[in-house]
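Chain residues, written in single-letter form:
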Amino acid sequence: MTPPPMTLLKGTLDVLILKTLGWGPSHGYAISRWIQQCTGEELQVEEGALYPALRRLEEKGLLDSAWKTSATGREAKVYTLTAAGRRQLQTELSAWSRYVSAMTRALEARPTGAIA
Amino acid sequence: MSRRPPDPLPLSNQKPVDEDVRLELAQHIELRTEELVARGWSPEEARAEAVRAFGDLAAVTDECREITVRARRSRRRDEWFGALIHDVRFALRILRRSPAFTCGAVLTLALGIGANTAIFSVVNGVLLRPLPYDHPEELVSVYEATERGGYADVTEPNFRDWRAQAHSFDGMAAYGSDVGTLLGADIPSRVRTAAVSEDFFRVMRVQPALGRLPAPDEHRTGAPPVAVVSYRFWRDRLGGTAELANRRLRTTFDFQVVGVLPPGFGFPDQSDLWFPVELYGRNESRTAHNFSVVARLRPGLGPQDGKRELDALTAPMREQYLPEFDAVGASVAPLQDRTTGSLKEPLYLLLGASSLLLIAACTNLASSMLVRGSARAHELAIRAAIGAGRGRLVRQVFTESLLISSLGCAAGLAVAVVVRHGLLLLAPAGMVPLEGAPFDVRVLGFSLLLTLLTAVLFGLLPAMRMSSVRPSQAMREGTRHSGSRRSRRLWSTLVAVEVALAVVLLCGSGLLLRSFAAITSIDPGFHSEGVITTLLDLPDASYPDVLQAVAFHDRLLAELQGAPGVLAVGITNRLPLEGDSPSGAIQVEGKPLLAIGPVTGFAIYRTASAGYFEAMGMRLVTGRSFTDRDRADAAPVVIVTQSLADREWPGEDPLGRQLRVMGMDDAILRPYATVVGVVADIPHGAITGTRREAYWYPYSQMPARTRSMNLVVRTAGDPAAAAPMLAEAVHRLDPQLPLEWHTMEERLSSSIADRRFTMVVLASFALVALLLAGLGIYGVVSYTVAQRGREIGIRIALGAEPSRVQRLVQGGAMAVIGIGIVAGGAGAVAGTRLMRTLLYGVEPGDPVSFALAVGSLVAVGFLASWVPARRSAGIDPVRAIQAE
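Respectively, the protein sequence lines represent chains Y and E.
According to this note's numbering, the first sequence holds residues 4 to 119 in order.
According to this note's numbering, the second sequence holds residues 725 to 1608 in order.
These are computed hints drawn from the structure, not numbers from a lab.
As the structure is a computational prediction, the values presented were derived from the model and not from experiment.
Be a bit skeptical, because a hint or two may be false.
With a cut-off of at most 27 Å between alpha-carbon atoms, the simulated DSS-like pairs for lysine-lysine come out as follows [stated by the list, open to error]: (1) Y/80 <-> Y/63; (2) E/1315 <-> Y/71; (3) Y/80 <-> Y/22; (4) Y/71 <-> Y/22; (5) E/1068 <-> E/1031; (6) Y/80 <-> E/739; (7) E/739 <-> Y/63; (8) Y/63 <-> Y/22.
Please put together the full structure from these sequences, using the hints given.
Here it is as structure tokens:
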């Protein structure tokens, strides 16, 4: 029933990044921390996998990046969601909820005559 | 170079890719380590854990780097395209804002490129296109070099000896071409026929599209006549049927069509029928030059190799056959020369002229772009000040130029189509290539190259100059004064160049115009007005006995004499202007014989009827013309030209003298004929050619070639209108005879058609160049006045008289024009020397033509500078000074 973990993981990672940046610009480590905290031990992600994903999303024009100096004086590469990224997030979210509700309906349905 | 502000920082603060990736990943591990340390891990353990949790650092680094390199590259490309689109849109907006400039520029280019492309495609079609035969570079024409230093066709026995002995050639073939009357196809008509020797098709490497070629045993005297036909003839006249078995046609003889040649093959003269030359009998004379010869050189050999060998072969032949031999060697020339011949010079002249026109067009555009550029200096300065780089500005201006030249090229192609159509309509028949002059890839490439060159030429120069303006300087008030000295010098140069080019073209066309005027004022020796002619080509088949032909002509002349509207009527074997015939041998009584044979001299042989000289309007100098009494049974008489009389009987009365024609191969001596009249000389070939000595026999006293005669009718009204009535009269006697009416006016006009063509085209070029020069002068002077408005205002305010100011402004312009005229005059002196062979009655340095050219440029230049200069006199000093 469940798709292979890596496929799910890959697509999911993108959605999670978009979702994270939906709250505001952030740098890679912060994104990585947030994803880990939210998903706990359920989704085991190699932390390094985040960075190629970020750069791919940027290549697709869903993210923008720039090196900025933080209040503490540390330089960090900050990612921002672009307008296209925001639209993509909306699409992914509604697709995800349709997927989940369809799955939920199917898994919780009682058998009917049609199957017997 | 002035210092300029640095380009503004890019919007996103980018780092080099390697650093970007390394820093970001290192920071992740660092932050993770710090976090673990904060949770109580030892630094070493924390770092190890951070590295472990991260995964394969090297692989991630590589992957990130790869993605980013790719992303940045594609982004740069997008930005470049974006900038390009921006540039193009911006340029379009700028051009739309000044429609007068844009239209002027595009039109100028269209004329320059259009004229060039059209001329080039015609030149390409006529001169450059290789002949449509297999390995055309191997094909050569072979002639005999004559004792008099000229060239002649080859005699039959010489041809056979050369063909048998020469090793330089992979085949040598003889051909002749003629026009005959064809019966047996759909309608009786005139066809171009060729008589060819056995190797002809092998030399030309032609295979029949249908049927077969004449077999070797059909290349024999007395063999049943066969012919192959052109594809066009087969399609149009034989109905294009595959069945040839019953196609029997008749010209000089009944013949069977055995084959059809492939489409497009018409060598030698757009021929339709090819007969074995042997059908016409043999001629063993080594002084009867009857064969045109085409040969195929062996690969790797040149015409000179062929000539050397034939020269060597000719020497012993000459020893053996003298005095019945008049060749001293051979002449071997590429076949292509035969087909282009005299067209080369006018076409190259026009090609050169159209190149000058294009240069003039480009110069004009350069100066107007420069004027515009200066007018926009302020705008560009602002753009430079807010951070547009020099390269970016150059590119923007270059885009504008490129856009204009693309539009110009498109418009130019349209103009080219129209101009080419006009050229082909106007061009004399010989100048139009067989397949027209299609715009092929080469022509297209040529015009594209021109556009690009043009863009570089007039686009980059102003752009470079514009972008070197210091923004601070350009934006400061009064900048228009500074830096303009250099611009003015450049404009002056450009205007002078335009003027010079116009002078060269005007001088050239002036010379052609004067030549043409000289030619049209030549007294042709006949009166063409009201005269109409047609060839009466009586087929041998219908008139087996030549006396039947004589009887036909007698009856026709009797019938037309006194017909309504007919003032005079006659016939002759050859009309004036109708191609130069070789001179034939004559014997004048009482003169010593020449060494070469029973001959005292040479003159052109003609026959005519009573009434011919009157109908043609030829001037009788002394004596009488032919009458109806000069018949076969009367005493033989002859009429000579003035030049023949002067040569044979200088200072004496030619009337009553005796001469006779000598067929070199005739065994029978004809009786002497008495000179009864002398007529003014007429041109036998080109009207500009030398008037060679000629004489006429009454046609009935010399009936041998009476089957092919020209009817000449002088009418009271419009000669063309008389044609139907005349045709009816002819067809009452022979309903099958094909007729083609031409007035003598038409013949006269078509004989100078190529000169008229060259003249009209060159003159149009010159007029366009003159117009361009005028526009260029106007544009630059207008701008100068606008630019110096403040200075002029101050001068007027300080008391300068407006008329003096006007003279000052115009004087400067006229000085530049003067420099251009001098330069152009020098160029014209050199350039027009190249067109010497195209001139008649004027010398290349003709002062009248030069004065005309200079005069028209001074006039146009004066007018073009006067209008804006006048404006300078009307400048209101107060407003001019305030405006700055």
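Next item on the list: Take the C-alpha atoms of residue 63 of chain Y and residue 22 of chain Y, compute the straight-line distance between them, and say whether it is at most 27 Å.
Entry: Holds: residue 63 of chain Y and residue 22 of chain Y sit about 16 Å apart, inside 27 Å.
Item checked: Distance restraint between residue 71 of chain Y and residue 22 of chain Y, which requires alpha-carbon spacing of 27 Å or less -> Within the cut-off at roughly 21 Å; holds.
Next item on the list: Would you mind confirming whether the straight-line C-alpha gap from residue 739 of chain E to residue 63 of chain Y stays at or under 27 Å?
Entry: 19 Å, holds
Margin query: Given the hinted pair residue 80 of chain Y and residue 739 of chain E, is their Cα-Cα distance within 27 Å?
Written below: 10 Å, holds
Next item on the list: Please work out if residue 80 of chain Y and residue 22 of chain Y have their alpha carbons no farther apart than 27 Å.
Entry: Status holds; Cα separation ~18 Å.
Note to self: Run the distance test for residue 80 of chain Y versus residue 63 of chain Y: straight-line Cα separation, threshold 27 Å.
What the structure shows: 18 Å, holds
Next item on the list: Would you mind confirming whether the straight-line C-alpha gap from residue 1068 of chain E to residue 1031 of chain E stays at or under 27 Å?
Entry: 24 Å, holds
Check: Holds or violated: are the alpha carbons of residue 1315 of chain E and residue 71 of chain Y at most 27 Å from each other?
Finding: Status violated; Cα separation ~117 Å.
Hint 2 from the list above is the single one not met by this structure.
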